[in-house]
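There are 2 protein chains.
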Amino acid sequence: MRIGIVGYGNLGRGVECAIKQNPDMELVGVFTRRNPEDVKILTNDVKVYNLSETKKMKDKIDVMIICAGSATDLPKMTPELARDFNVIDSYDNHSKVGEHFERVNKAACESDHIAIISVGWDPGLFSLNRVLGNAVLPSGRDYTFWGKGVSQGHSNAVRRLEGVVDAKQYTIPIESALERVRNGDNPDLRPDEKHKRECFVVAKEGANLSKIESEIVNMPAYFAEYDTSVHFLCQEDLNKYHSGIPHGGNVIRTGNTGWNEENCALVEFSLKLDSNPEFTSSVLVAYARAAYRMKNRGITGCKTVFDVAPGDLSPMSPEELRAKML
Amino acid sequence: MRIGIVGYGNLGRGVECAIKQNPDMELVGVFTRRNPEDVKILTNDVKVYNLSETKKMKDKIDVMIICAGSATDLPKMTPELARDFNVIDSYDNHSKVGEHFERVNKAACESDHIAIISVGWDPGLFSLNRVLGNAVLPSGRDYTFWGKGVSQGHSNAVRRLEGVVDAKQYTIPIESALERVRNGDNPDLRPDEKHKRECFVVAKEGANLSKIESEIVNMPAYFAEYDTSVHFLCQEDLNKYHSGIPHGGNVIRTGNTGWNEENCALVEFSLKLDSNPEFTSSVLVAYARAAYRMKNRGITGCKTVFDVAPGDLSPMSPEELRAKML
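Here the protein sequences line up with chains A and B, keeping their order.
Final position of the first sequence in our numbering is 612; the numbers increase by one with none missing.
Final position of the second sequence in our numbering is 612; the numbers increase by one with none missing.
Treat the hints with caution; some may be incorrect.
Each computed DSS-like pair below joins lysine-lysine, with the alpha-carbon atoms no more than 27 angstroms apart [said to hold, decoys possible]:
#1 K610/B with K434/A
#2 K581/B with K581/A
#3 K526/B with K490/B
#4 K306/A with K326/A
#5 K610/A with K490/B
Here are the computed distance ranges between Cβ atoms for each label pair [said to hold, decoys possible]:
#6 P309/A with T329/B: 36 to 42 angstroms
#7 T329/B with E385/A: 29 to 35 angstroms
#8 D471/B with G584/A: 44 to 50 angstroms
#9 C520/A with P601/B: 51 to 57 angstroms
#10 E312/A with P601/B: 39 to 45 angstroms
#11 R445/A with N296/B: 54 to 60 angstroms
#12 D471/B with P473/A: 58 to 64 angstroms
#13 S515/A with D428/B: 34 to 40 angstroms
#14 Q438/B with R468/A: 33 to 39 angstroms
#15 V332/A with P309/B: 35 to 41 angstroms
#16 K490/B with D471/A: 52 to 58 angstroms
#17 D513/B with A507/A: 22 to 28 angstroms
Read the hints as simulated data drawn from the structure, not as lab findings.
Each residue gets a CB set at the ideal place from its N, CA and C atoms; glycine is no exception.
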């Protein structure tokens, strides 16, 4: 399988790392909007191209993995690239996924390619487990917890405040809420009863710290409704102790079985990740394998994780899977 | 979807209960080897037939769910019934699944039916999660823990001992081992370091209890290598406190991401079930839905959970799934 990467940030670099772990895959090119000479990648003997050069690689790449932002890049890039390539993206704007699907589906169908969108862990593996949980336990409730992990959006919101030099925000699930769900209490939980927030902030010299703290904890939509703690520290300590991008979470379905629904059942899927982008990339690469196989069976158009059979994600043959994994 | 049930034990009754929870499904008949008049089912106005009468229902049933034992029944029944019906079974003899697959595949292909075998939670949802974990984390380790739950095989082994009237055996995961795995220690764990065993035994009046206890804890293959505790109690208490059939477990994949595999990632899938057979049945019913849909798309032959796209398990349309579950 010959793989191309579009975009070389944390996610693109993660895809490069994941390809190294999969002997049935080969990285054949990285495409960037920057000057290719300024982009240094990890793999020897693989060329970096400008994004404008994708067309000339049309027949040399089996699947293109698009590692770009959901806000403005992917809505344009995924349909465009789907005209020339089989593509994978990690589009994560839940509320606009319908429109994105339609645009990508049109491009992929017209050009006989396959595109798998919204791949990663949420959307992605978490979505898959929501469907699984709901299918086997039709009478039940869904819970999703995120963290402990870094939220980019919340970190940025803090960084935009006057007097703030740098900041990192952690979303933390409230353990007692998680335990209530696992115990089968089926609680109604407001967002602030499921998660708390912790901010590590580097302030400008002489800045009014209590004003910054107050602006953070009272920020509507982001922090106001949550239990939020704010810690000030120097840039060196932020770099030293908070440079990682961990994340994780839990998808839980609680439901009932039996003629009078007298028995409880709990299905839980959870992730604990040192590197959120590297894990997301690992998922993208597994779905690139599935895209390649499905295309070879004549399947085209836009797909999501809901359309992909698990066996297509694995390098093993169906016989091997049945012998070793069933 | 018109569903038939073959076999009316705990599993068959569980399927009946699960059908009640799925408005897109209808139970049209239960088939038994017993005298149909002796079998009382829960659903009103549904007929019980003798197993010999399946052929006359050939055109009235979309999917037949076979609820029988893996040792001697399913190897014969699933291929036979696959000649007349789309079928689901829960074949769980891991070491012989290849042969079972071949026999069922031949019958299903020749008669243009679809058969999904080895459906349930292990094999089944656990297998699916092993494949998922291995596909996204190619460099890593697998761990499966079972329990706390009742093991039928171990309970029967105790019941066969001289002086024993009745018995129940629980398989219990060792919490400290589970924690080491979750902490990313990647321990090597022997079976007895992962699980302990607890037996509740009703002895005959005057039986030699210490002899029974010694025979249990020293029984090769079943108990000898495990930390096993034995409790004697009266039949009334066994019935009162140990009549349930709970089970559960955890499938964990620990792996590494990054160019030098410097970051850890942990994927865990876990179940906590009050009723093992009812949950297994709920899974069977969801895969019956998938079988029906796949057959309608022209897919035939023998399949496993590895071949089924998650979306096919859900009553929702692809549009609904993308809008609500992604």
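Each hint tested on the structure:
1. K610/B with K434/A: holds, 25 angstroms
2. K581/B with K581/A: holds, 21 angstroms
3. K526/B with K490/B: holds, 18 angstroms
4. K306/A with K326/A: Within the cut-off at roughly 17 angstroms; holds.
5. K610/A with K490/B: violated, 43 angstroms
6. P309/A with T329/B: 36 to 42 angstroms: Distance hint for P309/A, T329/B is violated at roughly 52 angstroms.
7. T329/B with E385/A: 29 to 35 angstroms: Taking Cβ atoms as reference, T329/B and E385/A lie about 44 angstroms apart, which means the hint is violated.
8. D471/B with G584/A: 44 to 50 angstroms: holds, 46 angstroms
9. C520/A with P601/B: 51 to 57 angstroms: Taking Cβ atoms as reference, C520/A and P601/B lie about 55 angstroms apart, which means the hint holds.
10. E312/A with P601/B: 39 to 45 angstroms: For E312/A and P601/B the Cβ distance comes to about 41 angstroms; the hint holds.
11. R445/A with N296/B: 54 to 60 angstroms: holds, 58 angstroms
12. D471/B with P473/A: 58 to 64 angstroms: violated, 32 angstroms
13. S515/A with D428/B: 34 to 40 angstroms: Roughly 38 angstroms apart at Cβ, these two residues keep to the hinted range, so it holds.
14. Q438/B with R468/A: 33 to 39 angstroms: violated, 26 angstroms
15. V332/A with P309/B: 35 to 41 angstroms: violated, 53 angstroms
16. K490/B with D471/A: 52 to 58 angstroms: Check failed, 43 angstroms falls outside 52 to 58 angstroms.
17. D513/B with A507/A: 22 to 28 angstroms: With Cβ atoms ~53 angstroms apart, the hint is violated.
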